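These protein sequence lines are chains A and B, in that order.
Residue 1 is where the first sequence starts when you use our numbering, and the numbers rise one by one after that.
Residue 259 is where the second sequence starts when you use our numbering, and the numbers rise one by one after that.
Read the hints as simulated data drawn from the structure, not as lab findings.
Treat the hints with caution; some may be incorrect.
[Claimed, not checked] Computed beta-carbon distance windows for the label pairs: (1) K543(B) x G10(A): 37 to 47 Å; (2) P585(B) x H179(A): 42 to 52 Å; (3) G472(B) x N69(A): 31 to 41 Å; (4) T75(A) x I581(B): 49 to 59 Å; (5) I271(B) x S174(A): 39 to 49 Å; (6) R405(B) x N113(A): 27 to 37 Å; (7) E222(A) x P585(B): 57 to 67 Å; (8) K594(B) x L115(A): 22 to 32 Å; (9) Q27(A) x G464(B): 55 to 65 Å.
From a predicted model like this one, the values you see are computed outputs, not experimental measurements.
Heads up, the beta-carbon is just placed ideally off N, CA and C, and yes, glycines get one too.
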Amino acid sequence: MKNVVLKATGLNIGYAVSKKSISICQQINFELYKGELLCLLGRNGSGKSTLLKTIAKMLTPIEGRIEINEKSIETLAPKELAKFIAVVLTESIPENSLTVYETIALGRQPYTNWLGKLSKSDIDIIENSMLLTDTNNLANKLIHQLSDGQLQRVMIARALTQDTPIILLDEPTSHLDIHHKINIFKILSKICKETEKTVLISTHEINLALKTSDRLLLIDQEKFSVGKSTNGVIQENLMTIFNSDDIRYDSHSNQFIF
Amino acid sequence: MYIPQKKYYPVFIALLVVLIIIAVFNIYTGSVNIPIKEIWNIITNSPNTSENYQYIITEYRLPKTITSILVGIGLGISGLMMQTFFRNPLAGPFVLGISSGASLGVALFIMGGSFFGSLPYLYNFSIPLAASLGSFLVLSIVMITARNIRNTMSILIIGLMFGSFTSAIISVLSYFSSATELQQYIFWSFGSLSNLQWSELYLLIGIIAISGVGLLFIIKPLDALLLGENYATSLGISIKKTQSIIFIITSLLTGSITAFVGPIAFIGLAIPHITKLIFQTSNHKILLPAVGIIGAIVMLICDSLTHISVGSKTLPINAITSIFGAPIVIWLLVSKSKKLGS
Numbered sequence: 001m002k003n004v005v006l007k008a009t010g011l012n013i014g015y016a017v018s019k020k021s022i023s024i025c026q027q028i029n030f031e032l033y034k035g036e037l038l039c040l041l042g043r044n045g046s047g048k049s050t051l052l053k054t055i056a057k058m059l060t061p062i063e064g065r066i067e068i069n070e071k072s073i074e075t076l077a078p079k080e081l082a083k084f085i086a087v088v089l090t091e092s093i094p095e096n097s098l099t100v101y102e103t104i105a106l107g108r109q110p111y112t113n114w115l116g117k118l119s120k121s122d123i124d125i126i127e128n129s130m131l132l133t134d135t136n137n138l139a140n141k142l143i144h145q146l147s148d149g150q151l152q153r154v155m156i157a158r159a160l161t162q163d164t165p166i167i168l169l170d171e172p173t174s175h176l177d178i179h180h181k182i183n184i185f186k187i188l189s190k191i192c193k194e195t196e197k198t199v200l201i202s203t204h205e206i207n208l209a210l211k212t213s214d215r216l217l218l219i220d221q222e223k224f225s226v227g228k229s230t231n232g233v234i235q236e237n238l239m240t241i242f243n244s245d246d247i248r249y250d251s252h253s254n255q256f257i258f
Numbered sequence: 259m260y261i262p263q264k265k266y267y268p269v270f271i272a273l274l275v276v277l278i279i280i281a282v283f284n285i286y287t288g289s290v291n292i293p294i295k296e297i298w299n300i301i302t303n304s305p306n307t308s309e310n311y312q313y314i315i316t317e318y319r320l321p322k323t324i325t326s327i328l329v330g331i332g333l334g335i336s337g338l339m340m341q342t343f344f345r346n347p348l349a350g351p352f353v354l355g356i357s358s359g360a361s362l363g364v365a366l367f368i369m370g371g372s373f374f375g376s377l378p379y380l381y382n383f384s385i386p387l388a389a390s391l392g393s394f395l396v397l398s399i400v401m402i403t404a405r406n407i408r409n410t411m412s413i414l415i416i417g418l419m420f421g422s423f424t425s426a427i428i429s430v431l432s433y434f435s436s437a438t439e440l441q442q443y444i445f446w447s448f449g450s451l452s453n454l455q456w457s458e459l460y461l462l463i464g465i466i467a468i469s470g471v472g473l474l475f476i477i478k479p480l481d482a483l484l485l486g487e488n489y490a491t492s493l494g495i496s497i498k499k500t501q502s503i504i505f506i507i508t509s510l511l512t513g514s515i516t517a518f519v520g521p522i523a524f525i526g527l528a529i530p531h532i533t534k535l536i537f538q539t540s541n542h543k544i545l546l547p548a549v550g551i552i553g554a555i556v557m558l559i560c561d562s563l564t565h566i567s568v569g570s571k572t573l574p575i576n577a578i579t580s581i582f583g584a585p586i587v588i589w590l591l592v593s594k595s596k597k598l599g600s
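All chains should be built: construct the whole structure from the sequences, respecting the hints.
Right under this line is the structure:
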């Protein structure tokens, strides 16, 4: 029996344009299990970010519900939800003079007192996440002095520090070179194994996704599907999403060939 | 793993010492020359003091010094909150339309006579009252408009639009008003730190103390907002609730200050920048008190500078804050980027 950490039923996602809501994808049903790494694939504009933001309650679904531990996220107070879901977003961070350590420590906010005082156990969690993401040598740098790859690791460390069963990442490897892309995916699968957290990544790195993920979530043309990459239906869907004259899915080696 | 924490206590203690020295200097300066020894006697309540000196100190200079300190604290803190909340270094305490509202209220009171017939004159309460009503009105309109807006940047623009709108109305009013009325309005817009009675000071102290309690609730949300609104939400911060608290505190602080001393320009915008350059941190637990102390110091210096007088007249405070403040901020920014080598 698998341990369900998050369940979405009859989800209809989209956004509001002057009092009318525009649906991007309907009939989304899935369960996320404890300790698995999932990749969310789809073309640009297919609704990957919208789905992640809906799960994180930054957007409200048009229909349907999302449950964590059989409680709808609608009924969860913001501070409670912050103890279940941590995020790494694509948006750039406003100009500030936060150090890496301060940024990562912000992840402890849902647990600290009104002054944000860090206890011994908070500091242990921060240091542990820095070790896992290999950011401990950056601790005293300002986050605006970091390279894209370093910043992404710091933001992952910050999400880890929030100590949630679920971490959502929105295209964590865009802007990164192939070396850093692989590095980020390695760190994420290490996190999954060592901390038993559920990690959901939206990405355009199809091949990396096929190699590292336990299951795939696909969004295409308002249709949603979920399953293992060895599953026949999923492979067919993958082909319809990404196949073109220039790119082809090779089911034998389970990867896309350019 | 050892994370060296920056130590801020020495800087705070140094700043407090500077504050005290400048406060004493501020009491010392003025059109009448009072020896330091006399000031000491008055402060320590020693019996052999001149009554004239005592009157000048307790009824004029001491209230003015305290006003300067309170104005610096209030405007500095409001400016910092607005800059963090809007994530815009150009935001200041007046972006919500408080200053434009106050100006409109006072302009209508002083210059509207030619339109509405003369308005009742309530001695020295009428102008603060007109300013408060004006700020309250414009602030309420901005808040009601802001309530249905998701994008915080739009609130900033709405505030600016109200600023243009009210200044246009004031232009129309001044075009039709008499020279005396116009002069009276312009004198108000220069700002004045010396109009407050002790009773008004107690009120201002009370308002700042209440705001201080409110600040305790938003230290963490302000820190979280440094990462942007979405990250703050994911950390369990309610943006709407934080926005309400920040707007209420800013309105209380800036509104009451503007009502009593006029629209003091520049301080609210510049003090947070100066503080961040000195402290090199974004941590609001450090920045909020630091902004208060540095704001008080700068206001005291500016007020003292108004007395390097031309004849018996003191210079307008609103001019001093910008004449001396702007070059300092530019210099700090230039020297900072030199240090970083960028």
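Outcome of the hint check:
1. K543(B) x G10(A): 37 to 47 Å: The hinted range 37 to 47 Å holds for K543(B) and G10(A), with Cβ atoms some 44 Å apart.
2. P585(B) x H179(A): 42 to 52 Å: Check passed, 48 Å falls within 42 to 52 Å.
3. G472(B) x N69(A): 31 to 41 Å: holds (34 Å)
4. T75(A) x I581(B): 49 to 59 Å: Since T75(A) and I581(B) have Cβ atoms about 57 Å apart, the given range 49 to 59 Å holds.
5. I271(B) x S174(A): 39 to 49 Å: holds (47 Å)
6. R405(B) x N113(A): 27 to 37 Å: holds (31 Å)
7. E222(A) x P585(B): 57 to 67 Å: holds (59 Å)
8. K594(B) x L115(A): 22 to 32 Å: holds (28 Å)
9. Q27(A) x G464(B): 55 to 65 Å: holds (58 Å)
Taken one by one, the earlier hints all hold for this structure without exception.
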